[in-house]
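Number of protein chains: 2
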Amino acid sequence: MTVVRGAFVQTRPKFGRNEENIESAIRLVSRVDADLYVFPELCNSGYAFTSKRECLALSESLNNGNSVEQLLSYSEKRKCAVVAGLAEKEGQRTFNSSVVIERGKILGTYRKMHLFFREKLWFSASNRGFRTFFLEKIGCKIGVLICFDWFFPEASRKLALEGAEVICHPSDLVMSGKAQVGMMARAFENRVFVITANRVGFENRGPKDRFRFTGMSQIISPDMDKLAAAGKTETAAKVAQMNLDLAKKKYVTPLNNILSDRRPSYY
Amino acid sequence: MTVVRGAFVQTRPKFGRNEENIESAIRLVSRVDADLYVFPELCNSGYAFTSKRECLALSESLNNGNSVEQLLSYSEKRKCAVVAGLAEKEGQRTFNSSVVIERGKILGTYRKMHLFFREKLWFSASNRGFRTFFLEKIGCKIGVLICFDWFFPEASRKLALEGAEVICHPSDLVMSGKAQVGMMARAFENRVFVITANRVGFENRGPKDRFRFTGMSQIISPDMDKLAAAGKTETAAKVAQMNLDLAKKKYVTPLNNILSDRRPSYY
Chain A
0 MTVVRGAFVQ TRPKFGRNEE NIESAIRLVS RVDADLYVFP ELCNSGYAFT SKRECLALSE
60 SLNNGNSVEQ LLSYSEKRKC AVVAGLAEKE GQRTFNSSVV IERGKILGTY RKMHLFFREK
120 LWFSASNRGF RTFFLEKIGC KIGVLICFDW FFPEASRKLA LEGAEVICHP SDLVMSGKAQ
180 VGMMARAFEN RVFVITANRV GFENRGPKDR FRFTGMSQII SPDMDKLAAA GKTETAAKVA
240 QMNLDLAKKK YVTPLNNILS DRRPSYY
Chain B
0 MTVVRGAFVQ TRPKFGRNEE NIESAIRLVS RVDADLYVFP ELCNSGYAFT SKRECLALSE
60 SLNNGNSVEQ LLSYSEKRKC AVVAGLAEKE GQRTFNSSVV IERGKILGTY RKMHLFFREK
120 LWFSASNRGF RTFFLEKIGC KIGVLICFDW FFPEASRKLA LEGAEVICHP SDLVMSGKAQ
180 VGMMARAFEN RVFVITANRV GFENRGPKDR FRFTGMSQII SPDMDKLAAA GKTETAAKVA
240 QMNLDLAKKK YVTPLNNILS DRRPSYY
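Chain order of the listed sequences is A and B.
Per numbering that gives the first Met the number 0, the very first residue in the first sequence carries number 0; after that it's consecutive.
Per numbering that gives the first Met the number 0, the very first residue in the second sequence carries number 0; after that it's consecutive.
No lab work stands behind these hints: they were computed from the structure.
One should not assume that every hint holds.
What the hints assert, rightly or not - Pairs of lysine to aspartate or glutamate, EDC-like flavour, derived with a Cα cap of 20 Å: (1) A/Lys13 <-> A/Asp224; (2) B/Lys177 <-> A/Asp224; (3) A/Lys177 <-> B/Asp224; (4) B/Lys136 <-> B/Asp32; (5) B/Lys119 <-> B/Glu53; (6) A/Lys177 <-> B/Asp222.
What the hints assert, rightly or not - Label-pair restraints from in silico Cβ distances: (7) A/Gly90 <-> B/Pro253: 53 to 63 Å; (8) A/Glu75 <-> B/Asn126: 50 to 60 Å; (9) B/Ser72 <-> A/Asp244: 50 to 60 Å; (10) A/Leu106 <-> B/Glu53: 48 to 58 Å; (11) B/Lys231 <-> A/Thr252: 14 to 24 Å; (12) A/Pro206 <-> B/Leu245: 21 to 31 Å; (13) A/Leu55 <-> B/Val31: 50 to 60 Å; (14) A/Thr252 <-> B/Gly162: 14 to 24 Å.
To be verified - If we take Cβ atoms under 10 Å as the criterion, some of the chain A residues that face chain B in the derived model are: (15) Arg26; (16) Phe115; (17) Phe151; (18) Pro263.
All C-beta atoms in this analysis are idealised placements derived from N, C-alpha and C, irrespective of residue type, glycine included.
Construct the complete structure from the given sequences, taking the supplied hints into account.
Set out below in structure tokens:
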């Protein structure tokens with residue numbers, strides 16, 4: 000039996016204050032003991048960009064940017080894994096990305112496949128697809144989705160078919176409560192754990208760029224049980240014990256394996 | 000604006016009493032006025048077969064079987080459409096099917112694609128795939144899923160991609176509350192209405208064949224609103240007004256059409 004302690008941190012970033020935002024997120028997560036910590040989407044920069052130039056200025060390299068360095072150092076010190084949503088710069092392009100780190104080492108990155116609303120104006124959508132990462136020290140295979148990716152059941156399904164036991168879901172959700180229901184379905188229909196780390200707070204950067212972020216971060220089991228949850232407005236870090244055997248067991252009755260029962264030629 | 004009055008009927012069939020079961024279902028639905036009525040899965044025969052021979056004996060032709068005749072007559076008299084789950088016999092094979100009827104005319108049938116548990120021993124799984132039906136008098140395109148089909152997000156997606164505005168979901172659900180959450184996600188992620196008609200009651204036909212059916216039939220809007228719902232143990236028929244414009248509008252923001260935002264080459 001492999002039990003992984005998974006955690007989300009629910010933060011309230013201040014727009015454009017990258018270093019301070021990562022510092023306060025780390026202060027929050029330091030309060031709880033976990034093996035795997037999931038941070039919100041764009042938790043370095045904040046969300047509501049008003050121009051491509053601004054987005055480029057606040058985005059960072061995921062090789063050696065300051066935010067990644069802070070997270071690497073934290074994960075090394077705490078001997079843990081971290082999945083964090085970061086505004087990524089590569090040359091003159093920007094991506095809404097997540098970095099996957101284990102004990103001071105970058106395992107890789109995921110770039111958001113389904114951009115939401117005006118993110119389409121600031122970020123390039125990924126053409127790299129979905130991928131899983133094996134956390135060697137923990138012995139756990141994870142997949143990453145970012146915020147609006149949740150809306151597309153194909154995304155979670157793809158990760159489950161590739162063996163993800165835990166879906167890490169950095170988010171800046173604005174539709175109150177919808178993704179929480181959706182991710183309960185995703186956890187159950189794929190028999191995976193889901194850690195949604197959402198942010199809270201309000202950003203008002205002009206009439207087109209007003210967003211209230213809805214919190215309610217949660218950890219859901221493959222049986223659809225809510226193992227941990229946060230409120231709508233608080234900052235918080237919470238942990239749950241995830242027994243990975245539950246995610247390996249794809250049978251819901253002795254005659255129904257939910258992956259091999261699929262009828263892909265008809266979909 | 001096309002508003003369709005959709006209804007579910009939540010019944011408590013008695014095993015093996017086909018004629019009586021359809022009669023009492025019709026008595027129940029007669030209490031409410033609707034354009035489209037959805038009945039539970041296997042609402043003619045009951046659920047817990049103990050042999051293939053028994054299943055064959057209680058299944059009926061969907062061309063001219065007695066249950067279909069009763070439903071045709073009801074739909075003609077009430078000038079309505081009916082989707083009802085029926086045990087179907089074709090030659091020596093049986094299917095867990097739904098018939099789609101409008102005003103005394105059979106529009107077609109759907110045979111369950113994903114069989115649950117010991118249904119695999121009694122029924123043949125469909126090799127016909129998923130299909131939609133246009134209700135001409137009502138002006139509404141529907142798709143049909145049966146019970147456990149809900150578990151597979153690909154099924155609802157397929158129907159939405161083929162233009163279904165309403166998913167009719169005859170069910171004999173035994174996992175309490177899971178499908179209700181799942182179908183809220185399906186309604187929202189596809190922007191369709193979902194009418195789940197579940198049954199109640201208990202069937203005990205031996206140690207391997209004991210089932211408690213969980214009720215909680217519901218009608219969900221494309222915005223994930225619960226428009227109607229029944230209790231866990233009552234028989235009931237309930238109606239909701241479904242504004243089809245909501246299902247035609249696939250945009251969730253001015254920049255996000257949830258069908259064209261899909262990235263099928265990566266799924």
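Find the hints from earlier in the document that the structure breaks and name them by number, from lowest to highest.
1, 7, 14 and 15
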